[in-house]
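> Protein chains in written order, with the numbering used here: chain A, 37 to 370; chain B, 34 to 325.
You may find that some hints are simply not true.
Stated by the list, open to error - Simulated restraints on C-beta separations:
1. A/170 - B/129: 35 to 43 Å
2. B/161 - A/324: 51 to 59 Å
3. A/189 - B/290: 47 to 55 Å
4. B/161 - A/189: 26 to 34 Å
Hints are computed from structural coordinates only; laboratory data are not their basis.
From the three backbone atoms N, C-alpha and C, an ideal C-beta is built for every residue, glycine too.
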Amino acid sequence: MTSTAVETGAGISEGVPAPAVPLAARTRGLRKVYRSTVAVDHVDLDVPEGAVLGMLGPNGSGKTTTIRMLLGLVRPTAGEVELLGRKMPDEAAHALPDVGALVEGPGFHPFLSGRDNLLRFAAAEPRLAAPAIPAAVDGALERVGLTAAARRRYKGYSLGMKQRLGLAGALLVPRRMVVLDEPTNGLDPAGTREIRRIIADLHEVGTTVVVSSHLLAEVEATCTHVAVLQSGNVVAQGELADLLESGNAALLVRTPHAERAVEVLRENRIGARLTPDGVRADLTATPAPRVLQVLVQSGVEVHEATRARTGLEDLFARLTEGESAAGDDVEGDA
Amino acid sequence: MSTAAISVPVSRTGHDTVPLARLAAAELRWIFRRPRTLAVLGLLALVPIVIGIGLTLVNRSVGTNAPSDSGAALLSSAINNALVLPIAAMVMTLTLLLPLASAMAGADAIAGEASHGTLRGWLLAPVSRGRLLAVKAFGVATVSVVAVLAMSITGFATGLVIGGTDSLFTLSGTTLSVGQAMLRILLAGGWIVLQLWAVGAIALAVSSWTEHPMLVVASVLAGNIVFTILGFLDSLKWLHPFLLTQNWALAPADVLQDPMSTAMLGEGALRAACYIVVGLSLAYARLVTRDG
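Pulled out of the complex, with its shape left as it was, chain B reads as follows (with noise of 0.2 Å):
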C-alpha cells in the first residue's frame, strides 16, 4: 500500500540506512553556508596578514630590545620570515580564537541542532546516534582543518610577498627551499589542528549534554583559560602533563628548529589524541541516552 500514486516520482534506495559519505556531505553543506562559520573562518585567515603587515610597519622600532617571552619571541622572528610568519600567527590565535572556531562548530553540532529542533529530525529520519556522533565530530573536524589550512596560506603568501622566497631561515639560522618550508608549515598546522580536533571533542561531550550553544562555547572556553592559568603555577607541576593546553606556545617553534626537535611535539599529540578518545567518548555516552 505505501507503493500507492503519489504525484512526484521517487527512486527507492530499499535500504534503511543512508551512506555515511551523504550525510557528511550534507552536513559540510550546511556547515559552511551558515554565515557565522564563513565569518570566523574569514576573520582567522585576516589574522596572518594583519600581523605580516603590523610587523612590517613597527620593524625598525623593535630595535634591540629582547623579548622575554616565548610567543613575543616567536613574534619578533616572523618579521621578514616566511616560514616563521604562519606559525606564530597560528601559536598567538592558538590561545583564543582557533579553539573558539573549534568550540562553536561543535556547539553547533549538537546543541544548535536540538536547539532548533533538528537533532530530532536526523534521529527520525532516522540516523542512528553513533552515525550522527561520526558526522558530527566529521563536521568539526573539517572546521579546524579549514581554519588551520586558511590560515597556513595567507601566512606563508604574506610572508612570501613581503620577504620572498629567501626569507625562509629556521630558529636555528639555517635557510630552507619552498618545499621544505611548506612542509614544516604543514607540520605545525597538523599539530595545531590534533589539538583543535581534541578541543572539538570536548565540545562535542558539552554539546551533547545541553540543548544551548552558548554553553558550550563558554564552557570550553573558561576551561581552555582555566587550563592555561594552572599551566603557569608551578605548585601544581604534577597536573601539567594532563592540561591539553600545556606547551601550546612552545611546541609549534619546534618545527623551526634545524634540526627539529619532536619531544614536545610527540608528547602534545599524544595528550590530544587522548582527549579525542575522552570527549568522543563521553559524547557518545550522552547521546544514546538522550531524548530526541
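Excised from the complex, chain A in its bound form (with noise of 0.2 Å):
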C-alpha cells in the first residue's frame, strides 16, 4: 500500500499548475511512519493562500496524521512541511498564533463549563490580549451558537456541542488559517449548514481554511480545492472544478428529438448515446460549439446543452477505484 499514487483520471496528478496565489501551506515528500505502518507517504500538498481545500479519503487514509505533521504535532519520518512560510515543527511558535485548528475532535475538561474551557484556551492565545479575553470568548460561543449551554459544564454537552466548542476554540481570533479536522462529526443537518456557513464566512474574509471529512458532499458544498488522500497518499488534488470537468468530457443536450441528434452527431464523427432526456455528446475530440452547430445545423432543437459534470462521489470513486480494501486499516486517524 506503499506504491506510488494511483495515476487514474488523465492528468489529474501531474495537473497541478505551477501556483500563482502563493501558498498557506506546502508539504513535500512528506513521510510518516508508525513503528511498522506507513501513514503517509509521498505527500506533496499544496494549500493556495485564501482557498478552503477539502482533504478526502476513507478513514485511515492518513488525514488527520496529515494534519497533525501540517501543524507540527507530530515530526515527520521524512519530508518537509511549511505552514505560513515557516517550517514546521522547529517554527510553530511563529506560525502557529495565526492558525486555528480543531483536530481530532475536541479536547477539553469535563468539570469545567464550556465557558470556562474556553477562557482557560485563550489564555494561551498569543494573539490575543489578556483584557481582551472575556469578550472573545463571547464572542466565539455567540458565532457557534452555544452562547445558552456557555455556562454548563462540558460533561453535559452533546457530541454536537462539543464539536460546536472545539470550533469555537479555532475561531477566537481571526486567522491567517483555520484549519478542521472532520468538523461534522456529531453535528446534526442543520449544525453542518452552520458549518459551511462559517468555513464560506471564513473564506469571505479571505482566511485559507483546510477541512478533512470523507463525507463527500461537504467537501462539494464547501471547497475550492480538492485533495484526495487514499492509503497515505495523495491521488488527486487541485482545483475542485477541475476535477470535477477531467476526465469527463462530454456535453448533455436536452432534446425532443434524441434519435435523429444522435445520428447527425454520429454523421459527423462526434460519438453520442441516447439518455433518459437527449443525449450525450462526447467532448474528448470535439469542442462543444461544434457539436450545438452539427445539432442546430441539421435541424434538431436544442432545449438546453450543459456541460457534464459528475458528482464528487463518481471522481472519488473513479480515483480510489480497486484499493478500496486497503486502506481502512492504516493507523493513525481517527
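Two chains, two frames, some hints: make the complex.
Right, dumping it as C-alpha cells:
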C-alpha cells in the first residue's frame, strides 16, 4: 500500500500547475511511519492562500496524520512542511499563533463549563491580549451558537455541542488559516449547515481553510480545492471544478429529437449516446460549440445544453477504485 | 487579510508568545477549580484536627507503655503540644497521603490533559514544550505547597486550641515562643514541600510518558512503597542514600530538637533536589519528542 499514487483520470495528479497564488501551506515528500505502519507517504500538498481545501479520503487514509504534521504536532519521518512560510515543526511558535485548529475532535475538561474551558484555552492564545479574552470567548461562543449553554458543564454537552465548542476554540481570534479535522462529526443537518456557513464566512474574509472529511457532499458544498487521499498518498489534488470536469468531457443536450441527434452527431464522427431526456455528446475530440452547430444545422431542436459534471462521488470512486479495501486499517486516523 | 471585520473587537498582542505569568495563572485556576484537588486538600487539612482530637481523647490511656518506633513516639509527643502536632501529622501523612496529592497533581498535569485531548490545545496555541513543562511544574509545586501549608495551619491552630500557647515544647524539653514555634513548623513544612516536589517531578516524568493518569498515580505510589521497603532492608545499606524516602519519618523531627540538628535535613534536601533535577529532565526529554 506504499506504492505510488494511482494515476487514474488522465492529467489529474500531475495537472497541478505551478501556483500563481502564494501558498499558505505546502508539504514535500511527506512521510510518517508509526512503527511498521506507513501512515502517510509521498504527500506533496499545496494549499493556496485563501483557498478552502477539502481533504478527502476514507477512514485511515492519512488525513489526520497529514494535518497533525502540518500543524507541527507530529514530526514527519521524512519530508518537509511549510505553514504560512514557516518550517514546521521547528518554527511552529511563529506560524501557529495565526492558525486556528480543531484536530481529532474537541479536547476539553469535563468539570469546567464550556465558557471556562474556552477561557482557559484563550489564556494560551498569543494573539489575544489579556483584557480582550472574555469578549473574544463570548464572541466565539455566539458564533457557534453555544451562548445559551456556555455556563453548563462540558460533561453534559451533546456530541454536537462539544464539536461546536472545539470550533469556537479555533475561531477565538481572526486567523490567517483555520484547520478543521472532521468538523461535522456528530452534528445534525442544521449544525452541518452552520459549519458550512462559518467556512464560507472565513473564505469570504480571505482566511485559508483546510477541512478534512470523509463526507463527499460536505466537501463538494464548501470547498474550492480538493485533495484526495488514499492509503496515505495524495491521488489527486487541484481546484474542485477542474477535478470534476477532468476525464469527463461530455455535453448533455436536452432535445425532443434525441434519436435524430445521435444519428447526426455520429455522421459527423462525434461520439454520442442516448440519455433519458436527450443526448450525451463526447467532447474529448470535439469542442462544445461544434456539437451544437452540427445539431442546429441539422434542424435538431436544442432545449438545453450543459457540460456534464459528475459529482465528487463519481470522481472519488474513480480515483480510489480497486484499492478501497487496502486503506481501511492504516493507523493514525480517527 | 487577517484583519478582516469580525463581530468581536479583538485587541491584539502582536507577540508570538504569551507571558508565563498568564499561563501560570490559568493553570492555577484550572487546578484549584477541580473538585478532586479541593477534596484531597480539604481532607489533608482535616488530618491534624482529627489527630489532635484523637490524641486528646485517648490521652489518659497512653500511659506508661513507651512506644518503640519513631513515628509513634512523635505522635505521643504531640499530645498537648501545638509545636509537635502539625509536624507529627505531616510526617504521618508523608508516608502515603501527601505523596498521593503530588502524584495526582503530576498525573493530571500532563497525562490527564493528554487523555482529554487538551494537551494538543496548549501545543497548538502555541505554547512551547519547555514553557508547558515550566507551567505544569509550577502547578504541581503549588499543590504541594498548599497541602503542607493547610496542614501546618490547621495543625498549629488545633494544637493551640487544645493546649494553649504554653504547650510549645521541643523534644529536648525547652519551651518556644509562638513566633519561634511557627518558624520551626514552617521549616519542617518547607523540608517536606521539597520532598513532595521531588515526588511531583518524578510524577511529571511518568506523566509525560503516558496518557493514563491512573498509571502515574499507581506507579509513583508503588515506587514510594518499594522505596520504603528497601529502606528497611539492612542488607541494602549501600542503596539507602539514594532512596528518596530515606529518613522521611525521622528528619522532620530534628527541627523539634533544641538546638536543631541539621545533618539529616540537609542530606534529605540535597537528595530531593537531585530527584527534582532528574525528574524534570526526564519529563522535558520526553515532552519535546512526544507526538501531540
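> Taking the earlier hints as the rules, which of them does this structure contradict?
none
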